[in-house]
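> Residues per chain are reported as follows:
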Amino acid sequence: MAFHEIKLTVNGGLEQVRIPSNMTLLRMLRESLALTGTKNGCSAGECGACTVLLNGEPVNSCMVLAVECDGAEVVTVEGLAGDQQLDPVQEAIIHSGGVQCGFCTPGVLISSRALLDRNPDPSEEEISEALVGNLCRCTGYIRIIEGVKEAARIQTARS
Amino acid sequence: MTTHTHPTLPEFDYIQPKTLAEASQFLAQHPDEARPFLGGTDVFVRMRDGFLTPKFLVDVKNLDGTNDLRFDPQAGLTLGAAVNMNRVIASPDVQEHYPLLAEACRLVASYQLRTRATVVGNICNASPAGDTIGACLALDGVLHVHGTGGLRREPLATFFLGPGKTTLKPGDIVTAVSFPVPPKGCAGAYLKLGRNKLSDLSLVGVTVLGSPDPGLPSRFRFRIVLASVAPVPLVAAQAEAVLAERAVAPESIRQAAQLASEASTPIDDVRASARYRKLMVRNLTEMALTEVWKKLQK
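Read top to bottom, the protein sequences are chains A and B.
Mapped onto the working numbering, the consecutive letters of the first sequence carry residue numbers 15 to 173.
Mapped onto the working numbering, the consecutive letters of the second sequence carry residue numbers 85 to 382.
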């Protein structure tokens, strides 16, 4: 199988990785870069546990080949917080109790971040629709949705 | 037997050709071993499940013009093969002139899947359940195909041969799908029945596009396309004919819906029974036609 040398930016830092053709972005993040915050759930693009930002847009990293990310910019859950401060979505989800087992949380946070980037004041329906691809078996979603609403308020207050 | 719930992708070589000619040539030289791919949202799943084992995956996303989304008031809309569905949904031109296409894209899976999923990929995958295919057929989509013999145009109406089967030959790459300007005053609807409200595959999908047409006895022309109820996306021609001949009214709409149901040949599968699907074709077709008829009367 062919191997490829790629360069990409992950959470602001430049990375150079040698990967086989069949390695997904998810596996590269977890196994080559030890960024295990991004989770492997269904491996079929349905559960959203592996969601990361690729060039600013959310993708299921289990459904992207690492080799396709040459030159790209990737943000994982590890890259959301600043040095001194959590991202508004992190702060709000903690506060609203939108975390139970935590497995879906990295994906939920990334999808929520992406939503607030394109729509800083989403309605409840828009939040639900944006999180359709992030399955959570614990919370029943209500506190997650409350959290995203709160995150929008925190984000507005901070700006 | 061990069940691998998180299978890795089987081994293959990733090929990134620099030009369309190079891509076509490579695909033609490896007819049984190479496969073109765009977002991979169908291909990767089928590879993990063991249904596809290509030796080469040929990335056709970054080739000439495949990233363009263009609208021209005379020529209509051209969607490059690599244009993802979120871009289609967000395009002001699509929203204004082809809202049916945006509506169909919005009902595909989730936002993060649509970052990768493409309309052309949905078409080429040729699943009878493809959510965007009905809109593309109703809007008279034409594929731009690059093969070893150069470029050609292929109407969608004759493109689908069976589940996963199309008229494409080894070496063919669909570079875009284009649509003429839709008929003046048209209105559309896509009703999708899944096991949940959003994100599931369709058990039944009904696409309807209606437009005023003074040349027809009823003075209206309707296109009706059914998803997930035949080996190919099904145009309900007899149902369309009824609404062209008879005055559009609740009775003719019901008759058309019944004909659409009779034309469908669904199968029993893990998601629904054939009998249920046939009934739902009737109900959803009636609902979609009624909705479109209301919009047309405004």
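The set of hints was computed from the structure by calculation and includes no laboratory data.
There could be a bad hint or two in this list.
Unchecked claim - Covered stretches of chain A, going by a simulated chain B footprint (3 or more residues, C-beta under 8 Å):
#, stretch
1, 15–21
2, 27–33
3, 48–59
4, 77–87
5, 139–148
To be verified - Listed next, the in silico EDC-like pairs over lysine to aspartate or glutamate satisfying Cα-Cα at most 16 Å (straight line):
#, chain 1, residue 1, chain 2, residue 2
6, B, 281, A, 84
7, B, 253, B, 116
8, A, 163, A, 131
9, B, 281, A, 139
10, B, 253, B, 117
11, B, 102, A, 105
12, A, 21, A, 87
13, A, 163, A, 135
14, B, 281, A, 60
15, B, 281, A, 131
16, B, 268, B, 148
For each residue, glycine too, the CB sits at the ideal point set by N, CA and C.
> Determine for every hint whether it applies to the structure shown.
Consistency of the hints with the structure:
Residues of the stretch 15–21 of chain A lying with their CB closer than 8 Å to a CB of chain B number 3, which satisfies the three-residue condition for coverage. Residues of the stretch 27–33 of chain A lying with their CB closer than 8 Å to a CB of chain B number 0, which falls below the three-residue condition for coverage. For the stretch 48–59 of chain A, the stated coverage by chain B is satisfied: 4 residues place a CB nearer than 8 Å to a CB of that chain, which reaches the threshold of 3. By the rule of at least three residues with a Cβ nearer than 8 Å to a Cβ of chain B, the coverage given for the stretch 77–87 of chain A holds, with 5 such residues.
For the stretch 139–148 of chain A, the stated coverage by chain B holds: 5 residues have a C-beta nearer than 8 Å to a C-beta of that chain, and at least 3 were required. A hinted pair counts as satisfied when its Cα atoms are at most 16 Å apart, and residue 281 of chain B with residue 84 of chain A does not qualify at roughly 36 Å. Restraint check for residue 253 of chain B and residue 116 of chain B: satisfied, since their Cα atoms lie roughly 11 Å apart, inside the 16 Å limit. For the hint linking residue 163 of chain A to residue 131 of chain A, the alpha-carbon distance of about 13 Å falls within 16 Å, and the restraint holds.
With a C-alpha separation of about 12 Å, the suggested pair residue 281 of chain B and residue 139 of chain A falls inside the 16 Å cut-off, and the hint holds. Of the supplied pair hints, the one linking residue 253 of chain B and residue 117 of chain B holds, its CA atoms being roughly 13 Å apart against a limit of 16 Å. For the hint pairing residue 102 of chain B with residue 105 of chain A, the CA-to-CA distance comes to about 45 Å; that exceeds 16 Å, so the pair is violated. A hinted pair counts as satisfied when its Cα atoms are at most 16 Å apart, and residue 21 of chain A with residue 87 of chain A qualifies at roughly 10 Å.
With a C-alpha separation of about 8 Å, the suggested pair residue 163 of chain A and residue 135 of chain A falls inside the 16 Å cut-off, and the hint holds. A C-alpha spacing of about 15 Å is found between residue 281 of chain B and residue 60 of chain A, which places the hinted pair at or below 16 Å, so the restraint holds. Proximity of residue 281 of chain B to residue 131 of chain A is assessed by CA-CA distance (about 25 Å); at most 16 Å being required, the pair is judged violated. For the proposed pair residue 268 of chain B and residue 148 of chain B, the alpha carbon gap of about 32 Å is over 16 Å, so the pair is violated.
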